[in-house]
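> Residues -13 to 178, numbered by the working numbering, are exactly what the sequence shown covers, in order.
Watch out, some of these pointers could steer you wrong.
[What the hints assert, rightly or not] Here are the simulated lysine to any residue pairs, SDA-like style, with alpha carbons at most 20 Å apart:
#1 Lys10 x Met66
#2 Lys160 x Asp118
#3 Lys10 x Arg20
#4 Lys10 x Leu(-2)
#5 Lys10 x Ala(-7)
#6 Lys160 x Gly138
#7 Lys10 x Trp57
#8 Lys160 x Lys172
#9 Lys160 x Val150
#10 Lys172 x Ala119
#11 Lys160 x Thr171
In case anyone wonders, no lab produced these hints; they're calculated from the structure.
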Amino acid sequence: MTGPTPATALLLAWRAGDESALDKLIPLVHAEMRQIAGRMMARERQGHTLQPTALVNEVFLRLVDVRRVQWQNRAHFLAMAARLMRRVLVEAARSRDSQKRGGNVVRIDVEPAHIGAAGPRPDLVALHDALDALATLDTRKSQVVELRYFGGLSVQETAEVLEVSPETIMRDWKFSKLWLLRALTKHSHRSR
-13 MTGPTPATAL
-3 LLAWRAGDES
7 ALDKLIPLVH
17 AEMRQIAGRM
27 MARERQGHTL
37 QPTALVNEVF
47 LRLVDVRRVQ
57 WQNRAHFLAM
67 AARLMRRVLV
77 EAARSRDSQK
87 RGGNVVRIDV
97 EPAHIGAAGP
107 RPDLVALHDA
117 LDALATLDTR
127 KSQVVELRYF
137 GGLSVQETAE
147 VLEVSPETIM
157 RDWKFSKLWL
167 LRALTKHSHR
177 SR
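Just need the whole structure built from these sequences, with the hints factored in.
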């Protein structure tokens, strides 16, 4: 049996109160976080003022304040980072929308493979709200979308983070895609 990976060991040390562990952890996960941020930013509208590096930096600042999380492993950390990135982008979209009445909505590219069928692209705020609604019905299904779509985790990594089988993740993923497609379609009809 092997011990925890260096990233996991540092997460556990940080959770236990070792402030220097975070400084050692950042270089180990920075490239992966930058990839997640890059995927998220690729879905944003052209000319977005926030860049992937700035998004990663903002997430690190917010993670410093996260003390209650019982870090499990690297995948769990990256999933939390993806969740925080989504929140930063949603906050930016809401702020911009409140400043520009009727202004451009931040668009994300939801590919048919992710949501289940071709159709109009939902905005980030609508997707965020739909995920929140899904979480009230089934938290795990919402987490599956967050980890797979926003975090870029594989089925296996998602299963490890949520401590369920890969088959359960696939069932949740299939259900969630259909549920979100329906919710986003309703939203687009209401906003017309």
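> Hint by hint, note whether the structure agrees.
Here is how each hint holds up against the structure:
1. For the given pair, Lys10 sits about 18 Å from Met66 by alpha-carbon distance, which is consistent with the 20 Å threshold.
2. For the hint linking Lys160 to Asp118, the alpha-carbon distance of about 18 Å falls within 20 Å, and the restraint holds.
3. Taking the CA atoms of Lys10 and Arg20, the gap is near 17 Å; set against the 20 Å cutoff, the hint holds.
4. A C-alpha spacing of about 12 Å is found between Lys10 and Leu(-2), which places the hinted pair at or below 20 Å, so the restraint holds.
5. At most 20 Å may separate the alpha-carbon atoms for a hinted pair to count; Lys10 and Ala(-7) meet this at roughly 9 Å.
6. The straight-line distance between the Cα atoms of Lys160 and Gly138 is roughly 16 Å, inside the 20 Å bound, and the hint therefore holds.
7. Simply put, Lys10 and Trp57 have alpha-carbon atoms about 16 Å apart, close enough for the 20 Å limit, and the pair holds.
8. Between Lys160 and Lys172, the direct Cα distance comes to roughly 19 Å. Compliance with the 20 Å bound is thereby established for this hinted pair.
9. Our distance criterion of 20 Å between C-alpha atoms is met by Lys160 and Val150, whose separation comes to about 15 Å.
10. Distance hint between Lys172 and Ala119 is fulfilled; the C-alpha atoms sit about 13 Å from each other, no more than 20 Å.
11. At most 20 Å may separate the alpha-carbon atoms for a hinted pair to count; Lys160 and Thr171 meet this at roughly 17 Å.
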